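Enquirer: Based on the hints, put chain B in the right spot on chain A.
From first to last, the protein sequence lines are chains A and B.
Going left to right, the first sequence walks through residues 1 to 289 as the working numbering numbers them.
Going left to right, the second sequence walks through residues 1 to 318 as the working numbering numbers them.
None of these hints come from the bench; they were simulated from the model.
Keep in mind that this is a model prediction, so the values were computed, not measured.
Any given hint could turn out to be false.
[Claimed, not checked] Simulated DEER-style distance windows between Cβ atoms:
1) B:Asp141 - A:Glu284: 40 to 46 Å
2) A:Leu118 - B:Asp280: 30 to 36 Å
3) B:Gly30 - A:Trp61: 54 to 60 Å
Ideal placement from N, C-alpha and C gives every residue a C-beta, glycine not left out.
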Amino acid sequence: MLQLLFFNITNGLIIGAFYALMALGLSLILNLSGVINFAHGGFLVIGGYLAYTLTPFLGFWGALVVAPPLTAIIGFVVERLLIRRLYGRDPLYSLLLTFGLAFIIEDGTRQIWGAQGLPVSIPAALSSPLSNDLFFITGYRMFMVAIVAVAIAVLFVLFRYTRIGVRIRAGTLDLETVAALGVNVGALRSLNFAVGIFLAGLAGVLAGGQLGLEPTMGDGLLMPSFIAIIVGGVGSLTGTLIGGLLIGVASGLTAVFFPSASEAIIYVMMAIVLLVRPRGLLGEEGMLT
Amino acid sequence: MTGERQNRLILPAAIWGALVLAPYWTPLVGGYTALGTRVLVLGLGAMSVNFLLGFTGVLSFGHAAWFGLGAYACGLALKYVAASTPLGMLAGTLVGGLAGALLGALLVRRRGIYFAMVTIAFGQVFYYIAFQWNSVTGGDDGLRGFARQPIDFGLFRIDLLHNDVAFYYFVLVCFAIAVAAMAFILHSPFGRTMTAIRENERRARFLGIPVELHIWIAFTLSCFFMAFAGSLYALLNNFADPRVLHYSLSGDFVIMAVMGGMRSFWGPLLGAVIFVVLQDYISSVTVNWMSFIGILIVFIVLFFPRGVLGLLQQRSKA
Numbered sequence: 001m002l003q004l005l006f007f008n009i010t011n012g013l014i015i016g017a018f019y020a021l022m023a024l025g026l027s028l029i030l031n032l033s034g035v036i037n038f039a040h041g042g043f044l045v046i047g048g049y050l051a052y053t054l055t056p057f058l059g060f061w062g063a064l065v066v067a068p069p070l071t072a073i074i075g076f077v078v079e080r081l082l083i084r085r086l087y088g089r090d091p092l093y094s095l096l097l098t099f100g101l102a103f104i105i106e107d108g109t110r111q112i113w114g115a116q117g118l119p120v121s122i123p124a125a126l127s128s129p130l131s132n133d134l135f136f137i138t139g140y141r142m143f144m145v146a147i148v149a150v151a152i153a154v155l156f157v158l159f160r161y162t163r164i165g166v167r168i169r170a171g172t173l174d175l176e177t178v179a180a181l182g183v184n185v186g187a188l189r190s191l192n193f194a195v196g197i198f199l200a201g202l203a204g205v206l207a208g209g210q211l212g213l214e215p216t217m218g219d220g221l222l223m224p225s226f227i228a229i230i231v232g233g234v235g236s237l238t239g240t241l242i243g244g245l246l247i248g249v250a251s252g253l254t255a256v257f258f259p260s261a262s263e264a265i266i267y268v269m270m271a272i273v274l275l276v277r278p279r280g281l282l283g284e285e286g287m288l289t
Numbered sequence: 001m002t003g004e005r006q007n008r009l010i011l012p013a014a015i016w017g018a019l020v021l022a023p024y025w026t027p028l029v030g031g032y033t034a035l036g037t038r039v040l041v042l043g044l045g046a047m048s049v050n051f052l053l054g055f056t057g058v059l060s061f062g063h064a065a066w067f068g069l070g071a072y073a074c075g076l077a078l079k080y081v082a083a084s085t086p087l088g089m090l091a092g093t094l095v096g097g098l099a100g101a102l103l104g105a106l107l108v109r110r111r112g113i114y115f116a117m118v119t120i121a122f123g124q125v126f127y128y129i130a131f132q133w134n135s136v137t138g139g140d141d142g143l144r145g146f147a148r149q150p151i152d153f154g155l156f157r158i159d160l161l162h163n164d165v166a167f168y169y170f171v172l173v174c175f176a177i178a179v180a181a182m183a184f185i186l187h188s189p190f191g192r193t194m195t196a197i198r199e200n201e202r203r204a205r206f207l208g209i210p211v212e213l214h215i216w217i218a219f220t221l222s223c224f225f226m227a228f229a230g231s232l233y234a235l236l237n238n239f240a241d242p243r244v245l246h247y248s249l250s251g252d253f254v255i256m257a258v259m260g261g262m263r264s265f266w267g268p269l270l271g272a273v274i275f276v277v278l279q280d281y282i283s284s285v286t287v288n289w290m291s292f293i294g295i296l297i298v299f300i301v302l303f304f305p306r307g308v309l310g311l312l313q314q315r316s317k318a
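Just chain A, with the same shape it has in the complex:
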């Protein structure tokens, strides 16, 4: 029983780390640009499939390094060409635009790489379990969590100590003042969007190694990411991180006692948060209300 519990909590933390990685990217874009990026799951898929295509040439490690920035570049181009035209308009339009983009990406992926799921081979060094008792903690899972942790740590350090990071945080609070101080808000938003998509691409590469690739794999991760943001509080990156881990662990724990509700529990958590603390755990009052 104890082992089962431990197994599911570990599982929940790993899933939660994924949710957090996705949700942080979404949150960045939502905070600075006011765009709900429905195509975020689509970018995750692009990242995973790019890594698949690059692996024969660069190996697993090369693909891991190259695929996320490539995804970010695609995101950057999409922002420049399409999404930036909609800033300042009703958020309905950017929501619909990314909704349409998600369709195009899903269908495009199917067209290019086929509708069948593709397996991803991971290096042998990562695929063996660490010990017999803890069979579920494979090297790859530890590796995933480590990468996610490093990525999130780097993001937080960049946001705290670099000029651009500070500008993005300031823009989240008061974009007008930031613009008045001479910051190129358009460029800032493009860069910020690309960073968000980078995180989605990274999540895609890592998820591919664990689950294999499918054109619809982003779908299952998108909703929990929304919920992570709502639970953690809109406007707070730390909140999003905590929200992601929290719903991951909650669904892991529920899987022990009542497996069929492991999906529903995160919605229950969202309902409770909205009822008790509508702005979310660390949300700022008045943000995007």
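Expert: Just chain B now, with coordinates in the frame of chain A:
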């Protein structure tokens, strides 16, 4: 002034004329009656979304939840309670509408993009429930084993199941009742406060309108209309599957409303005609219909955000 008045009469007259005669003219242009019925049902859904979006300015991106709940409740009532079409519709409308009223109370303090996000997420709850609860809903395979029943008026009996045209007219009558109710509400003093909230929420609040309460009422009404449309959808297909609850259907409804013109009463119906017919046609000629629909959505958002009717109104003013 008289010209405008004439316009106001001509447009509805033309729409009703086209709808009433649809079973006769659609085959001539390559359509079929069931497609016409589908347009009516999804059009009613799009009008219900727009009741909230276009007239109160509140964006719900999870309305498929109420549509799907209506469909499932109608199907389950027909299958397990009694084989009666009106009973199924009543069950569908009540279940979907009341669930909407309940969740709406959690949502009304949120606005704009945050409201949209919460509605998307909540909408998916029902998708997962329908997906997981195999024993009742049939899970991924969908709910089967029910069929719309003939309606008995004592003197005569209408066979809805085998006669497509009769079923079309049945749906048209239901559609007309719902649309008349919507128009009545929008023209009532309450409907005016909805528009006031859309135009300037703060001013509406200063005028003493209880904004949260009115948004909740508008949301709930819209959910009831949606669930009513959903129960018709279950009757149309004699089937319900989890996709009727999925957020991509919510997105379809919103895009229909935008495509036709959000600020006009009839716009969403026009959007539904275009969307449903295009989807039907494209998916019959190419497997890549998703890309085409996606490109269409992007195109409309970038170049025709006011929709077809919005464009026409602009023309006539210029």
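Enquirer: All hints are to be evaluated individually against the structure, with a verdict given for each.
Expert: Hint-by-hint comparison with the structure:
1. B:Asp141 - A:Glu284: 40 to 46 Å: At 45 Å between Cβs, range holds.
2. A:Leu118 - B:Asp280: 30 to 36 Å: With Cβ atoms ~32 Å apart, the hint holds.
3. B:Gly30 - A:Trp61: 54 to 60 Å: With a Cβ separation near 56 Å, glycine 30 (chain B) and tryptophan 61 (chain A) satisfy 54 to 60 Å, so the hint holds.
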